[in-house]
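Participant: If you want the building blocks of each chain, they are given just below.
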Amino acid sequence: MDKSKAVIGADAKFVGTISNVKSIEIEGVVEADLKAEKLSIGASGKFVGEVNSDLVVIGGSYDGTMRAGSIWATQTAQIAGEIHYQSLQMDRGAALNCRVVHNWEDPVVAGESEAEEPVAEADAEPEAKQ
Amino acid sequence: MFEKGKKEEGEEATASLIDEDMRITGSVTSSGDIILAGIVDGDINCRNLVVENNATLTGSLNTTEAVIAGNVKGDVVSDRVQILDTAHFEGDLKCTGIEVEAGAHVAARFNKRRKSKSSS
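So the protein sequences, as listed, match chains A and B. Each residue of the first sequence is one higher than the one before, starting from -18 at the first, in our numbering. Each residue of the second sequence is one higher than the one before, starting from 9 at the first, in our numbering.
Be careful, since some hints might not be right.
As the list claims (entries may be wrong) - Subject to a maximum C-alpha distance of 30 Å in a straight line, what follows is the list of computed BS3-like cross-link-like pairs (lysine-lysine):
| no. | chain 1 | residue 1 | chain 2 | residue 2 |
| --- | --- | --- | --- | --- |
| 1 | A | Lys27 | A | Lys(-14) |
| 2 | A | Lys16 | A | Lys(-6) |
| 3 | A | Lys27 | A | Lys3 |
| 4 | B | Lys120 | B | Lys102 |
| 5 | A | Lys(-6) | B | Lys81 |
| 6 | B | Lys81 | A | Lys16 |
| 7 | B | Lys102 | A | Lys(-6) |
| 8 | A | Lys27 | A | Lys16 |
| 9 | A | Lys(-6) | B | Lys120 |
| 10 | B | Lys81 | A | Lys(-14) |
| 11 | A | Lys(-14) | A | Lys16 |
| 12 | A | Lys3 | A | Lys19 |
| 13 | A | Lys3 | A | Lys16 |
| 14 | A | Lys(-6) | A | Lys27 |
| 15 | B | Lys81 | A | Lys3 |
Said to hold, decoys possible - Label pairs and their computed distance ranges (CB to CB):
| no. | chain 1 | residue 1 | chain 2 | residue 2 | range |
| --- | --- | --- | --- | --- | --- |
| 16 | A | Ala76 | B | His96 | 46 to 52 Å |
| 17 | B | Asn61 | A | Glu31 | 27 to 33 Å |
| 18 | A | Glu63 | B | Glu98 | 38 to 44 Å |
| 19 | A | Glu12 | B | Asp87 | 24 to 30 Å |
| 20 | B | Lys120 | A | Val81 | 53 to 59 Å |
| 21 | B | Asp100 | A | Leu36 | 41 to 47 Å |
| 22 | A | Val29 | B | Lys120 | 38 to 44 Å |
| 23 | B | His96 | A | Asn1 | 19 to 25 Å |
Hint data in this document are derived by calculation from the structure and do not stem from the laboratory. Don't be surprised by glycine CBs; every beta carbon is placed ideally from N, CA and C.
If we strip away everything but chain A, and leave its shape as in the complex, we get (with noise of 0.2 Å):
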């Protein structure tokens, strides 16, 4: 569809660090550090190491530490390690065997739920306060 869609094909594998990525697409095996404004791990995807992104819809497996604004667990996904997320869906099937953390940024005060702009915060270097 548009050009600036990297695709990881089913029988690739990826070893290594990924960066600078608009959007993602893993069919086959990625064990990296990855940065992306979306990633999508199809069915048949595998990924292992850390994630940063806005979106993130996960079909395949994945293990590793998450950092996502909108995180999409579909039926066929398996999630292990720990996932910090803002919004967080799951269907049914979906298998979660990890750490779950929300709001993995500066921690909002209690009644205020505007969780805005999270890759400006993210840049300037998040002080960790948990």
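Fit chain B to the supplied structure of chain A, relying on the hints for placement.
Facilitator: Just chain B now, kept in the frame of chain A:
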């Protein structure tokens, strides 16, 4: 429900695309095809590889067929290599068939390779 059903026509599921802005450090192994439009620091092993114009690869290549239109610095082991006129290539080539277009920047050592895949 999931995007599986709406795979674009004409796009093989086995092909991987490394887009323009993307940067990879590490190795890439695939039994399918790879289109590289971004930057890779590392090795690539695959069937068919296209290094597009403006793409950069630093590292060695092991492919069946490679088309190079971008910048490649490293060693290439391949059955066939095609170096287009927009390419900048630097390194060793070990191939059964080599094609270099007029205008390509090539600084390479050419080695004729026998058909067998073993090499050193």
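Participant: Of all the hints numbered above, which does this structure not satisfy? Sort the numbers upward.
Facilitator: Of the numbered hints, all hold.
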